[in-house]
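Order-wise, the sequence lines are chains A and B.
Everything in the first sequence is counted per the numbering used here, starting at 64 for the first residue and increasing by one.
Everything in the second sequence is counted per the numbering used here, starting at 64 for the first residue and increasing by one.
No lab work stands behind these hints: they were computed from the structure.
Be careful, since some hints might not be right.
Each pair may be met inside one copy or between any two copies, as identical chains are not told apart.
[Unchecked claim] With a straight-line cut-off of 27 Å between C-alpha atoms, the simulated DSS-like cross-links for lysine-lysine are: (1) K88 with K240; (2) K370 with K88; (3) K240 with K370; (4) K70 with K88.
Note that this is a predicted model, so its numbers are computed, not measured.
There are 2 protein chains.
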Amino acid sequence: MTLEVQKILEGDQLSGARLISLLEKRDRRGIEMLQAIYPRTGQAFLVGITGPAGTGKSTLVSRMIGHLRGRGLRVGVVAVDPSSPFSRGALLGDRIRMQGHETDPGVFIRSLASRGETGGVSRAAREAALVMDAMGHEVVLTETLGVGQGDVAVARCAHTTAVVCIPGMGDEVQAMKAGLLEIADVFVVNKADREGAEELAHLLETDVVMSRPPQGEWRPPVVRTVALRNEGVDRLVDTLFEHRRHLESTGRLAQRMAGSEFHFFRQLVLEMAAEALLTDSAELARLRDDLGRRAIDPYAAAETFLKQRLLFKA
Amino acid sequence: MTLEVQKILEGDQLSGARLISLLEKRDRRGIEMLQAIYPRTGQAFLVGITGPAGTGKSTLVSRMIGHLRGRGLRVGVVAVDPSSPFSRGALLGDRIRMQGHETDPGVFIRSLASRGETGGVSRAAREAALVMDAMGHEVVLTETLGVGQGDVAVARCAHTTAVVCIPGMGDEVQAMKAGLLEIADVFVVNKADREGAEELAHLLETDVVMSRPPQGEWRPPVVRTVALRNEGVDRLVDTLFEHRRHLESTGRLAQRMAGSEFHFFRQLVLEMAAEALLTDSAELARLRDDLGRRAIDPYAAAETFLKQRLLFKA
Numbered sequence: 064m065t066l067e068v069q070k071i072l073e074g075d076q077l078s079g080a081r082l083i084s085l086l087e088k089r090d091r092r093g094i095e096m097l098q099a100i101y102p103r104t105g106q107a108f109l110v111g112i113t114g115p116a117g118t119g120k121s122t123l124v125s126r127m128i129g130h131l132r133g134r135g136l137r138v139g140v141v142a143v144d145p146s147s148p149f150s151r152g153a154l155l156g157d158r159i160r161m162q163g164h165e166t167d168p169g170v171f172i173r174s175l176a177s178r179g180e181t182g183g184v185s186r187a188a189r190e191a192a193l194v195m196d197a198m199g200h201e202v203v204l205t206e207t208l209g210v211g212q213g214d215v216a217v218a219r220c221a222h223t224t225a226v227v228c229i230p231g232m233g234d235e236v237q238a239m240k241a242g243l244l245e246i247a248d249v250f251v252v253n254k255a256d257r258e259g260a261e262e263l264a265h266l267l268e269t270d271v272v273m274s275r276p277p278q279g280e281w282r283p284p285v286v287r288t289v290a291l292r293n294e295g296v297d298r299l300v301d302t303l304f305e306h307r308r309h310l311e312s313t314g315r316l317a318q319r320m321a322g323s324e325f326h327f328f329r330q331l332v333l334e335m336a337a338e339a340l341l342t343d344s345a346e347l348a349r350l351r352d353d354l355g356r357r358a359i360d361p362y363a364a365a366e367t368f369l370k371q372r373l374l375f376k377a
Numbered sequence: 064m065t066l067e068v069q070k071i072l073e074g075d076q077l078s079g080a081r082l083i084s085l086l087e088k089r090d091r092r093g094i095e096m097l098q099a100i101y102p103r104t105g106q107a108f109l110v111g112i113t114g115p116a117g118t119g120k121s122t123l124v125s126r127m128i129g130h131l132r133g134r135g136l137r138v139g140v141v142a143v144d145p146s147s148p149f150s151r152g153a154l155l156g157d158r159i160r161m162q163g164h165e166t167d168p169g170v171f172i173r174s175l176a177s178r179g180e181t182g183g184v185s186r187a188a189r190e191a192a193l194v195m196d197a198m199g200h201e202v203v204l205t206e207t208l209g210v211g212q213g214d215v216a217v218a219r220c221a222h223t224t225a226v227v228c229i230p231g232m233g234d235e236v237q238a239m240k241a242g243l244l245e246i247a248d249v250f251v252v253n254k255a256d257r258e259g260a261e262e263l264a265h266l267l268e269t270d271v272v273m274s275r276p277p278q279g280e281w282r283p284p285v286v287r288t289v290a291l292r293n294e295g296v297d298r299l300v301d302t303l304f305e306h307r308r309h310l311e312s313t314g315r316l317a318q319r320m321a322g323s324e325f326h327f328f329r330q331l332v333l334e335m336a337a338e339a340l341l342t343d344s345a346e347l348a349r350l351r352d353d354l355g356r357r358a359i360d361p362y363a364a365a366e367t368f369l370k371q372r373l374l375f376k377a
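If we strip away everything but chain A, and leave its shape as in the complex, we get (with noise of 0.2 Å):
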């Protein structure tokens, strides 16, 4: 074991830093390094944040710090959402949300660009939490944008989801409905002292719980936060917790971690498959030209090029 990965391992948050920036250029050595510390992952609770815009996650992710901090867990922060203070830096207006967590050793918050490709940064997002995993932090909450198809695959990396919406939100929940309960296991209405909160909880509480079909016993329930004010934050602290003891008493978190890991290896091997592939040489050149011309149609040229390059085994 190398230096770095030991230092690692030892919670040093310069060393861990610099793996995960290794791990966003795709650099080999990181992956390495991330092999090396991959039989000491598998601690920590993944906590996943999702949530539109302006619906005030990045507040949110603030205050469950300062009550998980509280309980003496260590927390890592991978913020994906590109508008989030975490990701911009800690800007005039979001030195209030940070509530001074970045000088506290026991946080962790690092920030991902999220240009490029959903499947990168997904990729980058778990690489990111397995590092904060292996470094100690009982709890890794990743915060990421939006209710779009990106955030299933975020959301798939964490053991326990939860969906932050606002008041307002009633026509938005209601056209996302399937693809909310894909993914919630806890609904946070934040902002729960506006008008329009009740509504939107009780929306979330028939229509959207209630048309789940029921998986296990569990319901995704729906807990009322007023973060700017730290109201409801150690409530819905106790609801992850308590999502997190059912997935350990049905056996579902084994489930759902095999289900994780295996999600992962299958996009590595299509990373690996795409790169050993599609990497730039000259037939690839001139199927461009070809497509480009129209005188090929690519369902056709994609089954040629692929024929050639697979060993079809049975």
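Fit chain B to the supplied structure of chain A, relying on the hints for placement.
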């Protein structure tokens, strides 16, 4: 050529809709039909309309349809946004936004289920646009939600992409600057009668547009609209065609189309590879178990797995 293919090429809406449904289900017959019509595609002007929920994209699209129809053009619309009234069907309040286009034989609107992986959505959107193209629509508008990673993929199929913002989105625009620049050929400040419209337009015109490295001669113009009152929409349509002419006159249209077809080819190769490599098997089930127990690390597992299946050719 089958009768069904013939009918699509003649613009029959029922046949077109049937094909799009087959393609959404990834039905083999759908792909074959798409291959049959493919030589007749490449004629339509493909326009992407993207922006967060609540920016009035659907109303804008509806108004654009009106203006395009007024110019005697047949219009196809692909709605990927799950919150779009086009997607939800014409609900009560949405009838206004539909403007009766649903009964105009020169307008063909299809919404796509946007659940599942981003790749699947962008593929389905592209294929639906191809069908509309082959049906003889001179313009195909694709409406997508948000300015996230998935939208970059959808934008890649369009010749011209308009990004819709509304007053009050300054922070979001700042945070998304890089992503916006990647996809916007035209910016739309919709609801331009609201307070803050000039600030937003100014922000886009200075900070965002001016920070863009000059590519050819085009700098994304900022068009102000009030879609609800049908203001500025004609100018928006003019601007889109201006961009189209710019692409044609500089040779960048051919370049963009080649890039887009090649991107699609890559996507197909990876999808087919995924199917060939990762279809359920006893070996994969064993791997899933091993991964779940963390008995192997996913990186090593993926590498080994792939090595046995790929013919690496130089």
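Right, here's what the structure says about each hint:
In this assembly of identical chains, K88 and K240 lie within 27 Å of each other by CA distance solely across copies; the values are 21 Å between and 35 Å within a copy. With identical chains, the CA atoms of K370 and K88 are at most 27 Å apart between copies only, with a shortest distance of 24 Å across copies and 31 Å within one. Taking the shortest Cα distances, K240 and K370 never come within 27 Å of each other, neither inside one copy (40 Å) nor across copies (41 Å). Proximity of K70 to K88 under the C-alpha cut-off of 27 Å is restricted to the intra-copy arrangement: shortest distance 21 Å within a copy versus 50 Å between copies.
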